[in-house]
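Visitor: The whole structure should be built from the sequences, with the hints applied where relevant.
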Amino acid sequence: MGLGLALTGALAGLLGAVLGIGGGVFLIPALVLLFDLPMINAVACGLAAIIATSSTVASVNIESGTANMRLGMVLELATVAGALLGSTYAALIPARALIALFAGLLGVVSVLLWRGPQAASPDETASAPAGPLDGEYEDPATGKTVAYRLRRLPVGLGVSFFAGGLSGMLGIGGGVFKVPALHLFCAIPMKAAAATSNFMIGVTGAASAFLYFSRGDMLARPTAFVVLGVLAGSLAGTRLNTRLKDANVRHAFAVLMLLLALQMGRKALHG
Amino acid sequence: MADRAIRRAVHFTLAGGVWVSAALMAAGLLAGRDRLVLGGLFVLLCTPALRVTLLAGDYLRRRDWSFFWVSAGVLGMMAFGMRFGRGH
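Protein chains in written order, with our numbering: chain A, 19 to 289; chain B, 4 to 91.
Wrong hints could be hidden among the right ones.
Unchecked claim - Derived DEER-like restraints, expressed as beta-carbon distance ranges:
hint: 1; chain 1: A; residue 1: Thr163; chain 2: B; residue 2: Trp68; range: 26 to 32 Å
hint: 2; chain 1: B; residue 1: Trp72; chain 2: A; residue 2: Arg170; range: 18 to 24 Å
hint: 3; chain 1: A; residue 1: Arg169; chain 2: B; residue 2: Asp37; range: 47 to 53 Å
hint: 4; chain 1: B; residue 1: Arg64; chain 2: A; residue 2: Leu25; range: 41 to 47 Å
hint: 5; chain 1: B; residue 1: Arg11; chain 2: A; residue 2: Ala115; range: 33 to 39 Å
hint: 6; chain 1: B; residue 1: Gly79; chain 2: A; residue 2: Leu25; range: 35 to 41 Å
hint: 7; chain 1: A; residue 1: Leu202; chain 2: B; residue 2: Gly35; range: 46 to 52 Å
hint: 8; chain 1: B; residue 1: Trp68; chain 2: A; residue 2: Leu25; range: 45 to 51 Å
hint: 9; chain 1: B; residue 1: Asp67; chain 2: A; residue 2: Ala109; range: 36 to 42 Å
hint: 10; chain 1: B; residue 1: Val23; chain 2: A; residue 2: Leu52; range: 26 to 32 Å
It is worth saying that the hints were derived from the structure and are not from the lab.
Virtual Cβ for every residue (Gly too), placed ideally from N, Cα, C.
Guide: Structure, rendered in structure tokens:
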């Protein structure tokens, strides 16, 4: 079983790194459907996995300057509050309801994945940083410095709180909601939005994971196998450095996630 | 500490925390010692908190009070999570 868990973790880490959406959305259904792990233990396992991947990826993004640390810290106030609320209520919600919620979430993610990244907002390079939460970074693809000004912080805080709640309840990173919101509503360039979201995910995950760990919901050996697998998979995925731009492949994964959503929905209905 | 220096310090904290925890978990699994595995998981969970502490210290040193209080608030909520979790 240990090898199977490690391989599942590796696959989730690889897919997460390649698709740029984090591996939790693949990992948790796999743990529930293939290994019959109770939902609460699968969520705890997912949280440990996202801390490992987030810390690994964020360490690179911070050094390169792509992640906006000040903005990330401010948004962490909202995500951590949401995560604490979500992880507290996760222990009180029946397992079937959590599975049904996850199935719904998978459905939404599959639609977002099908649509793909939104077009860049026209003003993303228009302004030099002026406030403490604005930022700039050098884009290695173009060699140019990209500067931006933050807009609509309350929207960013609201979405971060919501994503934190989902993270605490369902063991996912929530980047699939935060990244588009930061980009579309707060005028943060896509790369900085993804890097800043990743920077926050480790802290959000840790806030909830401590609760699961303290309650004894984090099973040591299965979680360790999964985390080691996820680390290996995400490193391999990062080295591949081929964020899938091919729409057909992205659509194939969207269909796969929709199928997982249906399977999880069936499990929620019939146990 | 210059901006580049704090970025490097955060980089090494995060990467170091992950690798120390992975080494502890792998050693625990190989040796069949659950305490090592749990120790590795605990190090992993503490790594982001350590990163927030590092940044809070840097903001304090710069007397950047707004961001010091923001990071202290995040740390406080994480500590609340640990304490609240034990109560269950």
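Visitor: It remains to establish, for every hint, whether it holds in the given structure.
Guide: Okay, the hints, checked on the actual structure:
1. A:Thr163 with B:Trp68: 26 to 32 Å: holds (29 Å)
2. B:Trp72 with A:Arg170: 18 to 24 Å: For tryptophan 72 of chain B and arginine 170 of chain A the Cβ distance comes to about 23 Å; the hint holds.
3. A:Arg169 with B:Asp37: 47 to 53 Å: Distance hint for arginine 169 of chain A, aspartate 37 of chain B holds at roughly 49 Å.
4. B:Arg64 with A:Leu25: 41 to 47 Å: Holds, since arginine 64 of chain B and leucine 25 of chain A (Cβ atoms, about 45 Å apart) stay within the stated range.
5. B:Arg11 with A:Ala115: 33 to 39 Å: violated (45 Å)
6. B:Gly79 with A:Leu25: 35 to 41 Å: The hint (35 to 41 Å, Cβ to Cβ) holds, given that glycine 79 of chain B and leucine 25 of chain A are roughly 39 Å apart.
7. A:Leu202 with B:Gly35: 46 to 52 Å: holds (50 Å)
8. B:Trp68 with A:Leu25: 45 to 51 Å: Holds, since tryptophan 68 of chain B and leucine 25 of chain A (Cβ atoms, about 49 Å apart) stay within the stated range.
9. B:Asp67 with A:Ala109: 36 to 42 Å: Holds, since aspartate 67 of chain B and alanine 109 of chain A (Cβ atoms, about 37 Å apart) stay within the stated range.
10. B:Val23 with A:Leu52: 26 to 32 Å: Holds, since valine 23 of chain B and leucine 52 of chain A (Cβ atoms, about 30 Å apart) stay within the stated range.
Hint 5 alone, counting from the list given before, is not met by this structure.
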